[in-house]
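Trainee: The lines below spell out each chain.
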Amino acid sequence: MSENISEPLVEVKDLRVEFDVRSGIVKAVDGLNLTIYRGRTVGVIGESGCGKSMTARAILNMVPKPGKITSGNIIYHRRMQNNGHGQMDDIIELTKLDPDGKTIREIRGGEIGMIFQEPMSSLTPVYTAGAHIHEAVSLHHLTPVRKVGDQIAEQAMAHRQISKEEAREVAIKMLRRVGIPKPEQRVDSYPHQLSGGQRQRVMIAIALSCEPSMLIADEPTTALDVSIEAQILDIMRELQESVNMAIMFITHNLGVIASMAEEIVVMYMGKAVEQAKVVELFKDAKHPYTQALLKSIPQLGKKNRNERLASISGMVPDPFNLPTGCVFHPRCPLFMPGKCDKIVPKWTKVGEDHWVACLLYEEV
Amino acid sequence: MAVEPQMQSAPTIPEADNILLEVKGLKKYFPIQKGLLRKVVGYVKAVDDISFYVRKGETLGLVGESGCGKSTAGRSIIRLYEPTAGEVHFNSRTLSSNGAGKMVNIMELSPHEMHSIRKEISMVFQDPINSLNPRMTVSDIVGEPMAIHGLDNGRETEEIIVRLLERVGLRPDHLRRYPHEFSGGQRQRIGIARALSLNPQLVICDEPVSALDVSIQAQTLNLLRDLQQDFNLSYVFVAHDLSVVQHISDRVAVMYVGKIAEMADAEELYTHPLHPYTEALLSSVPVADPLYKSERIVMQGDVADPSNPPSGCYFHPRCRYAQEICKLQTPEFRQLKPDHFVACHRAEELNLEGI
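Protein sequence lines, in the order shown, are assigned to chains A and B. Position 360 of the first sequence, counted from 1, bears residue number 360 in the numbering used here, the numbering being contiguous throughout. In the numbering used here, each residue carries its 1-based index in the second sequence increased by 1000.
Watch out, some of these pointers could steer you wrong.
[Claimed, not checked] Below, in silico cross-link-like pairs of lysine-lysine (DSSO-like), each with a Cα-Cα straight-line distance of 30 Å or less:
hint, chain 1, residue 1, chain 2, residue 2
1, B, 1034, B, 1056
2, B, 1293, A, 283
3, A, 295, A, 277
4, A, 277, B, 1293
5, A, 295, B, 1102
6, A, 96, A, 13
7, B, 1034, A, 182
8, A, 346, A, 68
9, A, 147, B, 1293
10, A, 182, B, 1327
[Claimed, not checked] Not close to chain A: a few residues of chain B, all C-beta gaps over 12 Å, as computed:
hint, residue
11, 1155
12, 1198
13, 1293
14, 1339
Hints were generated in silico from the structure; no laboratory data involved. Just so it is clear, CB atoms sit at the ideal spot from N, CA and C, and this is done for glycine as well.
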């Protein structure tokens, strides 16, 4: 794994995703830069509506309507292997691809796998919106009337040259790998015969059945109990090592991210506000938002019965009417009048691999 | 072969005074019906003979994995689900003649008495979107319990509502708005204001912060704590998040497949668990510290099926300490240390790891 330490796989450059709705324009992602390296895990944290899931959708060229990628690009270093003489990388701009085209459909689910939170309430509004979304849904949604084994086998066959029998073997192997008991029998089960945790493990089996070079995991364990969650995180870590897979792990659970990610990006209102190595971020967070977020979770084992939790005052701003300057300034405990409400902070380096967008760390 | 579980003995309460709620042998079985004639073919034992108590002004956390019966237990206390068996004793102010409080068994109350008990016990639900009527204004939602109980005095009620809204951090001009105009955290505040409108003694909170973002979750937990101090409230706090439960609770009960596995003071339970299930659960919680390396205990298999639970101790197929006796006998729920109850045959000899 060591030789791949800084081989970029996906580079997100100045990405902007906007939703043009009746009441105005919502900037779901507002100028995001992010690099995902082979075999490594990047964690994206933030509260609902901060744009973390929309970034994931943009990478798969799957932004639901009326959303649109308005600027920036996403570069994917695609590894082609079967030319007879080793590997070579093909550079593809994901944003330029036709969302219904052949290339993106090969990549989606095949080379970039994905797992989403189980109760897919977040997806309901897009069910009617166009064919490409339909495909996207079918990719991470178990069809209730078909056996789980067939669904894994189909996914494997769609992206690899294997026969039906081989695909069934793959399905059994994957079910065993994700810890489903009696996989030879379970392969013929229907989704409703499985528990919630097992269904989520089947989703992971489907996503990983083609050995993707990258996995996008959007709140993959949020709906699950801690014991199942721990199992699933173990499986993801194991598979990452065995196939050198990159993981983009999106969550609001700081406990999960601490144990999974090597690097963390903190997002607020569509922008990255801080990025650092995991140990550094938890030890020495620079942005007031990150600091507040870390202090606001009750921590297991810390005796804080009579302590109040630090909470971020106020609420997430109205997306149609964003604050001027730094978008966090109305809630920031370290707000500097005349500065934070006027100047938009720049992405500033504050340490080794540690970046922050805050005027406290800028010369102004 | 159905093994009839032995009756778990009710815990003897260390200090008999100051008890607000005492639940003894509570059971809630849901029938499984099949066929054209809806013949009952079995039961889902959602809550299976549990006993616990809540003192005045304290918070009892009820934790466990999904399907363990924690929510059913919370709802059975006020007969939102009619319990199959058991007693629920409550120190009622409204049903006593002198207002000083009188122990009544909620299970034996007449509909009229039940109506007045509901002034003293209220609920906060998980989902702040579906638990509020979208066609009612905030003022109607918060004022409805008062109207139902015939306490609506026009102007005066309006003042009470305004004070409640201010107390939970909403503004008086929110009064005429509808639930959809609010964020998730604000809706949960409306639900809390409504729960407090009749000045209850006990509030049953069913996963009140699970649907909220971390910063909003912190605000809501702080609010619940402030309200508890101001109004001397007692909470039964049902949740699956062990860190949240540790933060808010004085005492914690851990449930597994309809039964209470362990109950103790929060700090005692987290640092010195006596039940292997508690130990395993604690070891699975992800800790927000990248340098923390935990020895996770892997629980084999899945949670037992409450309609067809294993013999003996329900946890034995997944327990790494299980012995022959665990398969044969249902462990008794007993007090091993002061105020620390556990249902495990091997609790004395095991030396379990806490946080």
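Trainee: Now look at each hint and say whether the structure bears it out.
Mentor: Structure-based check of each hint:
{"no.": "1", "hint": "B:1034 - B:1056", "in the structure": "violated (44 Å)"}
{"no.": "2", "hint": "B:1293 - A:283", "in the structure": "holds (16 Å)"}
{"no.": "3", "hint": "A:295 - A:277", "in the structure": "holds (18 Å)"}
{"no.": "4", "hint": "A:277 - B:1293", "in the structure": "holds (17 Å)"}
{"no.": "5", "hint": "A:295 - B:1102", "in the structure": "violated (43 Å)"}
{"no.": "6", "hint": "A:96 - A:13", "in the structure": "holds (13 Å)"}
{"no.": "7", "hint": "B:1034 - A:182", "in the structure": "holds (28 Å)"}
{"no.": "8", "hint": "A:346 - A:68", "in the structure": "holds (25 Å)"}
{"no.": "9", "hint": "A:147 - B:1293", "in the structure": "violated (38 Å)"}
{"no.": "10", "hint": "A:182 - B:1327", "in the structure": "holds (23 Å)"}
{"no.": "11", "hint": "1155", "in the structure": "holds (31 Å)"}
{"no.": "12", "hint": "1198", "in the structure": "holds (27 Å)"}
{"no.": "13", "hint": "1293", "in the structure": "violated (9 Å)"}
{"no.": "14", "hint": "1339", "in the structure": "holds (16 Å)"}
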